Amino acid sequence: MEWTNLIKLLNLLCSGALTSIQLFCYTLLFSLPLGLAVALGRMSKRPYIRGPIKFYILIMRGTPLLLQIIFVYFAPSFMMPEGFRINLDRFVAAVIAFSLNYAAYFAEIYRGGIESIPQGQYEAAAVLGFTKSQTFFRIILPQVIKRILPPISNEVITLVKDTALIQVLGISELFRVAKNESSRLFSTLPLFVAGLFYLAMNWVVTRVFHLAEKKLSYYK
Amino acid sequence: MQILHVENLRKSFDGQTILSNVSLEISKGEVIAVIGPSGSGKSTLLRCLTLLERIDQGKITVEGDVMVDSPNGHPRYAPEETLRKIRLKLGMVFQNFNLFPHFSVLQNITEAPVHVAGVPYEVAKANALELLEKIGLSDKADAYPYQLSGGQSQRVAIARALAMKPDVLFFDEPTSALDPELTGEVLKVIRALAAEHMTMMVVTHEMAFARDVADRVIFMDNGQIIETGTPDQIFLNPTNERTKTFLQRFSENG
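As they're listed, the protein sequences go chains A and B. Position 84 of the first sequence, counting from 1, maps to 83 under numbering that gives the first Met the number 0, and the rest follow consecutively. Position 68 of the second sequence, counting from 1, maps to 67 under numbering that gives the first Met the number 0, and the rest follow consecutively.
It should be emphasised that the hints constitute simulated quantities derived from the structure, not laboratory data. Only a predicted model underlies this, so the values are computations on that prediction, with no experimental measurement involved. Ideal Cβ positions, reconstructed from N, Cα and C, are used throughout, including at glycine. Careful: at least some of the hints might be erroneous.
As the list claims (entries may be wrong) - Computed, partial: chain B to chain A, Cβ under 7 Å:
1. Thr49
2. Lys84
3. Leu87
4. Met91
5. Asn95
6. Asn97
7. Phe99
8. Pro100
9. His101
10. Leu105
11. Ala111
12. Val115
13. Tyr120
14. Tyr145
Model the full assembly from the supplied sequences, consistent with the hints where possible.
Spelled out as structure tokens, the structure:
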């Protein structure tokens, strides 16, 4: 392959990767806080809150993300009655599906972290007069974050690779671009280079989590 | 002056009675030791008084404010606003310290004064450093709880409770999680507080400590207060059979 062609290929893959990275960032932006809300709902004492949340988590973790992407994109236009049909932007649909899906996984990680904090921490905070929200945000959550960093990093790494799924909506993300180039050039090189792109992105993710863990290693 | 008044307190878990007919009062400056066998309800009593557990019946008054009353057999707690006010008057030191691991020693002590009581940080810090000096841990202000020994942790926990300037301080077996050699340093701090007439109620298995420091000793068994009196009365002339048996077992075991 000539140099100019290679540079052209890298250019295309970069623009595909940009779309993947955008999806990645939006998904984290929405699913990380949403997951916390879901986790709190999942731990609610009220069955009419806990029940539906459990069902939501079951659906999100129990069906393929690929199917969920298709559903979120097509359902508003195909399943709604005439006059209520909405045509979602493909990328918006992808962000919604990913955020809902990842929130369910994050929620269970948060829940595990929150439930691992000893009861004594709540009691010490209570007798000192902290309100419930102060206790959660000042005392509990910082400790939870330290504990859940490793499982969260697992999910985030998976997310980088899962972004390839939105090609089902015809969005030109990294993998779809590589596949197209691969057929056009009749070469597996583009796919291989795309693989290196994913690897590079996850190397960055790994570094970031490593640094975060190091930053929080000042206490045990 | 009476700080705390408890009338006919009853508490059960899952139908099993843990406390029944408990009545007591604490006067300002008094040091009360609560002794008794394990499972006699001592800790539960403390947890009820500090609002960590809700009672099933009875009346608790803190400095004239009714925390809970049971006019027709069912407990009715004061509104959250009043409970907040009451909570600020009560301090608690736990068996397992329960320090906040993500905060330095200094922040463990300043966090509640700043964020609960609204004390300016500089004032809270100065007060915390003073408390650290008092408990002999000035050099540990920037340490984290995992770097402390059990005895040091418990002293910090005491300082953390004192920083809120409570009117009465409760201790739930403050030395039970400590090696015998670390017990002394914690008891020394409590002794010093007693000398300053800090109002305290200490659940303890340290009989010698109870005898030396307490103004009044309460002996509990089976969820009831069996006997109350001065240390001399309880330790030298116990009137109740159960108190005698309990103390005998203790002296036999050293």
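### Query
Tell me, which hint numbers fail for this structure?
2, 10, 13
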